[in-house]
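Using the hints provided, position chain B relative to the given structure of chain A.
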Amino acid sequence: MQKKIILLIILGFFQISTIIAQERTITGQVTSAADGMTLPGVNVLVKGTNIGAVTGMDGNYSVQASENATLVFSSLGFATIEVGVAGQTVINLTMEEDLESLSEVVVTAFGIQRKKNILPYAAQQISGDDVNQTKVGNVASGLSGKISGLQITQGNAIGGSVNVVIRGAKSLTGNNQALFVVDGVPVDNSNTNSTSQQRGAGGYDYGNAAADIDPNNIESINVLKGAAASALYGSRAANGVVMITTKKAKKGLNISVNSALIIGNIDKSTFVEYQKDYGAGRSSPYGRDGFLLFDVNGDSEDDLVVPTFAPRSWGPRYDPNLLVYHWDAFDSSSPNYLQPKPWVYPKNGPETFYETSVSSNHSILIDGLVGDKGAVKFGYTRNDERGTVPNSRVLKNIFSLTASYKLLSNLTLGAMGNYSQIDGKGRYGTGYDSGRNVNSTFRHFNQTNVDIQEQKDAYFRTRRNITWNWADPTTPEGIRPAFSNNAYWTIYENYQDDKRNRVFGNIYLNYKVTEWLELLGRISVDNYNEFQQERVAVGSSGIPAYSRFDRSYNETNYDLLATVKKELSEDFDFNALAGINIRRNTITSVFSSTSGGLIVPNLYSISNSVGTVPAPIENYQPKAVDGYFGGVTLTYRDFLTLDGTIRRDISSTLPSDNNAYNYYALSGSWLFSHHLEDLEWISSGKIRANYATVGNDAPWGSLKDVYDKPNPFGSGLLFSLPDTKNNSDLKPEMTESREIGLEMAFFKNRLGFDASYYHTNTVDQIIPVAASLATGYSSKFVNAGDIENKGIELSLFGSPVRTPDFSWNVNVNFSRNRNKVLSLFENSTNLRLASFQGGVSLNASVGRPYGEIQGATYEYLNGERVVKENGLWQVSSTTSNIIGNINPDWIGGVSNTFRYKDLSLSFLIDVRKGGDLFSLDMYYGSAAGLYPRTVGLNELGNPVRDAVADGGGIILPGVTADGSPNDKRVTITSNNSFYEPQSEFVYDASYVKLRELSLSYSLPEKLTPKYFKAIDLSLIGRNLWIIHKNVPYADPEENLSSGNIQGYQSGSYPTTRTIGLNVNIKI
Amino acid sequence: MKKIFVLIIPFILLFSGCTKDITDFNEETKRAAVVPQAPLFTNSVKSLSDGLASASVNVNIFRHFVKHWGQAVIQEATQYDYITRAVHENWWSRMYKDVLNDLQESALIISEDATLSPAQKANQMAMVDIMQVYTYDILIKTFGDIPYSEALDPNNLFPVYDDAQTVYNDLMSRLDQDISNLNPSAAGFSSTEDIIYQGDVSKWIAFANSLKLRMAMTVADVDNGAASSAFEQANSDAINTEEENAFIQYYNSPPNNNPLYDQLVLANRTDYIAAKDLIDPLIQLNDPRLPGYFGLNDEGEYVGGVVGQASNYPGMSKPSARIAAPDAPNVLIDLVEVEFLRAEAIERGYDIPGTAEEHYNNAITNSILAWGGTDEQAEAYLNQPEIAYSTAQGDWKQKIGVQKWIALYNRPFEAWTEMRRLDHPQLPLVENAISGFPNRLRYPGNEQQLNNANYINAASNIGGDETETKLFWDIF
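In the order they appear, the protein sequences are chains A and B. Under our numbering, the first residue of the first sequence carries the number 8, and numbering increases by one thereafter. Under our numbering, the first residue of the second sequence carries the number 229, and numbering increases by one thereafter.
Pulled out of the complex, with its shape left as it was, chain A reads as follows:
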């Protein structure tokens, strides 16, 4: 609606210049083919002249034209139609929606709508339906593969965080996530995941806060990729902006109900597959043949017993004729108590732990216009997401209310409010944390002989921690877990839960002072509280514990904005804006935990601590930024545009004498197709270029030094210096970006592309630069570093077939980013971003891409790997060797939509080429003898696990220190299971995925019941098929958390394939 009004204004002057000089008046009405509604604002032009008209609110038009003239009907969002007059005086017609050209008007900073064909910077808009076609829980995950320049990384945990990076990492250690803005409200998208969780030391992925945005309520998403596009949002927009516009109220009373039922199952290609030849134990003998030997059943004869305490699978070879006492022989509740079982690979491996999940998503949206002054929209969504891990659930209830009222013809009051409740329970534990992440057992250290369904029965029979991993089966006291819990105990007893209640919204007053001046005052609020509880139950392996984390986030933005829109002359259009943005935000949090265990089992409160309760960790972090900005846009004859913006920020996190910084952007575009109107096959063509800077402030509390306060030692008080040295001489950091782009469309917009090249540098970064620990600190805040990102983005669209009955649309996105660390602090050449378990680290090194994996590797001699005298690899003594780069070579997506009459099929292929990850799963799992790569036959046809004396073992392909070929044969055993260096476990994380598939059927009008406007049925699927990947037994995309720490897998979860049925009813 609003779009059309603006269009009317823009096109108004065409009408003025119309010269009434023709013989005949032609009238008619234009309607939409989609819903039969009349179409206002359609431009009707007599071809070859500048004579034309615009349809009114009722869709009627009237134009003077000659008898044999051709009328060109065009309207944004619809396919242009040419009709010969041929003597007619009444021409009625219906126009078809044209999805590609829908993006001709884009929403830019502060909700200002601009024509895309003169926009001087990169912006890519997609519709809300594009994002939510397959009912995503998190808006961000629905963007994957659909926007060029945008890299989405997401793990497989339910409600997990989604990493959203536009055009590469710009900050070495700071936030690189895109800014989310909903109807002008900046929505916080942080995650509360701790650094240790992010580097795989265990914990939960609590998701990122963008998950509170209701995907069902989105009209469109516009991604502003560069700094020029977003300078007006201030520093936070340096990483690009994801601008979300919610659905608008439409005429009449409209009700839309949507219901989806979604079934999930794991993709077995992303989960472990064990070797099936050997069971529990270590290579060295425990009693006889690798079994324990003692009398279990009291017949005074020694029995064979599984060495339950050793979570390894280097034990005896399976033999169905061998009767062995397993873990359940020591579980008095088991039917198998004191009974032996055959020594065989079990029927039910760990893959049977994962269940079929049934999730649902219901929403209702009611909107309408109240008289001719008001508009109201109410939305409610209930998204009940269940994971394939039992006992996991994330339930979201989201309410929204949007209303506006025209107090006067030129004064509008409006408000938008969004309230969400997220209840999580049993979120997936992550990383190397067998107490919480079952995969830490399944993938790292396990016994292949354990039947997971028997473990399940044992837990449900007793509700006790009946683990396969008894510490010592020979004594009653040893019937307790050694390292690993029963997996069902872990998820049903050591579960977490959390709540997040959030309100975000705004209230605004829009005053159109004159024809050319508009004032907007707006207050936006984003406010949420979250509460997280974590447990380790009494009876678990590890220290029983309870912890709670309470955090609240508040942000208030006060905006005052004046916009000027003035036609300076027939040739020049002038637009300007000036504004003030006052931002106040506060983060407060308290973390508290028990120590030394829990007194009363199953009671989870801080006061139930065995030891003295450690002092809670409190944070109170208020922040203020005052911004003043202005911008000017000058358009010449609708084909040349020059844009300039400037902003000054004053931030509380910088030293008071150096807390203001200015930045600016300059952009231009030339719609060169304006000069090529004779070339009919070119629908439009535009070149754009821009240069922008964005300043940034310091993280909160990085100026002055304070002390940590450890728990008192008895009555002795303790204080300690923190790990990071602060710096009171910080100055603002700056990102500088350049971008050029070319957009073209051909053949009546049936084919087109948008290409960009960009180059950004972030200099004087405020980073806690890593220091030699001999300084007494691990890092110190400084201004240092320069990181460069260069890349190309390409979006292609095409409609190879477009007939009334059948159409085919294709969209292709391609992004390639190259980043390079140009300098760090002083002479330092390496900044460690994270160090991981397994002896590898993630780094930024000077002259190298941001995010390289370093660790030990093979030693080479003349290109051959060196083998030591003992027949095992010579591994480098240094751990600073580059063994991988996490950055993909390129990413891309291809989506296709086929429509035949009322049936439509669309699918999205999501591609990532290149980029590495280190898999602790493969490193540890190999050391534990779990995978097929640890078994097999050597060239003599004997098992590699057999003793060399028996013809077993292998000769590692390499050379000895003197260069001669290695001929030393070694047995692969648990004792040398760590013989391969870390570099062996770095994998190419490329993938090709069938990300989305949707088959929809819109009930034809004649089948649609009365009073119903439309009924759509669809079959939807996500992550259905990984067409190609190189990482064994895992999803290459799986990560631990959003953030800068990527390229590491530990305890990774299998991909969930989902298939669902969606019904959408419009009344």
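Keep in mind that the hints are not guaranteed to be accurate.
Straight-line C-alpha distance at most 25 Å; calculated SDA-like pairs for lysine to any residue [as the list claims (entries may be wrong)]:
1. B/K258 x A/Y627
2. B/K258 x A/N718
3. A/K716 x B/Q426
4. A/K716 x B/Q605
FYI, nobody ran anything at the bench for these hints, they're computed from the structure. From a predicted model like this one, the values you see are computed outputs, not experimental measurements.
Here is chain B on its own, set in the frame of chain A:
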């Protein structure tokens, strides 16, 4: 119409309310910016003790180096793989960041404290400095050349490494200065602040002199003259009774328990077992300390596992309940160690009272008593020809080395140092070792990455950054 314009007023008010100075938004209101000196001192002593006492595979794996303990399941630490879990980096980080930096900060605050009497100030400064010397001694014995002259300076993020022997000489002279600055008639830290001696300054004098004996003996093989004069100076004021032993008394209640309690009891970790190399001679010689050191296996026997190789956990002896107790003390230096040093000093010809045998017997007797034995048991033990100083096997280095190795049970770092220095007992390399015997730890991975130029210099100066490289004092 007018009514409507009233609406604009709140907007104007809101904006006018937001223009105050914003600098104070960044003030930290939950953490102290100014603190007294003592809590920093106490914290650093506790951090040091926690590190020395710990058996975490991420922190302290020296019990496996010296073959006091093996592991039944996980073999990284026992096979000398300390890289995968970055033990070398964690050790370095603990000493510099958690101990030395807080000590230095404490000294800074003491020196600026105008309310302290000069004598108390001198005492506090000396105690802080003694702990710094104690910690640097550990770093030098772990790595070799280390950052020292440029260390602990946040304005120099990449400090150079100094020659270990030069640093050692400086540490010795600092220790001399500290000893002369200690004044037993004035106050030091209070009884709750001083978690070693509860404020008894005279015991600090014994502690500092004992540390001096330890350090003097460290350089005995390379600079016997300096060693003998330092030893002779310090000997009489060093620890002479067990009341002067320096130890941290942990508490019964978490989180102030001995870290071993976390690892052995709370975490239920079923991996640590007695090493065959230690438990066999204890059994064979009927050592009265055996029940204090280890528990019985499931069949009521003492059995040790082969270090570096998986073991049958149920069949093995585990570390004793005594050392797994939450309130088990952790010794920093004691009479046992000092008496062994004295025995050695006499063998080296230093002019101190007594005979090597007396001090040797004294050391062992004290050790047995400390582990719950009796005088009679000690006497019987010493009477065995394998133990008696006159008849025990080997030269004095072997006699003292073997017994000191036994007595330094649960003092893993000192045990490792003395095994390297005395070259006894000569135990076979652990099974499946990934390197030779660790004569040192390699420099941390982040020193290679961050402080590369200085790292490369240091590595070449010490003769290569390898596990097997011998340190300057370890020439035999």
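Hey, A/K716 versus B/Q605, does the alpha-carbon distance stay inside 25 Å?
Not satisfied, since the Cα-Cα distance of roughly 47 Å exceeds 25 Å.
Sort out whether A/Y627 lies within 25 Å of B/K258, counting only the CA atoms.
With a Cα-Cα distance of about 7 Å, the restraint between B/K258 and A/Y627 holds, given a limit of 25 Å.
Starting from A/K716, check that the Cα of B/Q426 is at most 25 Å away, please.
holds, 21 Å
Can the restraint linking B/K258 and A/N718 be considered satisfied, given a maximum Cα separation of 25 Å?
Given pair B/K258, A/N718 holds - Cα atoms ~15 Å apart, limit 25 Å.
When held up to the earlier numbered hints, the structure conflicts with hint 4 and nothing else.
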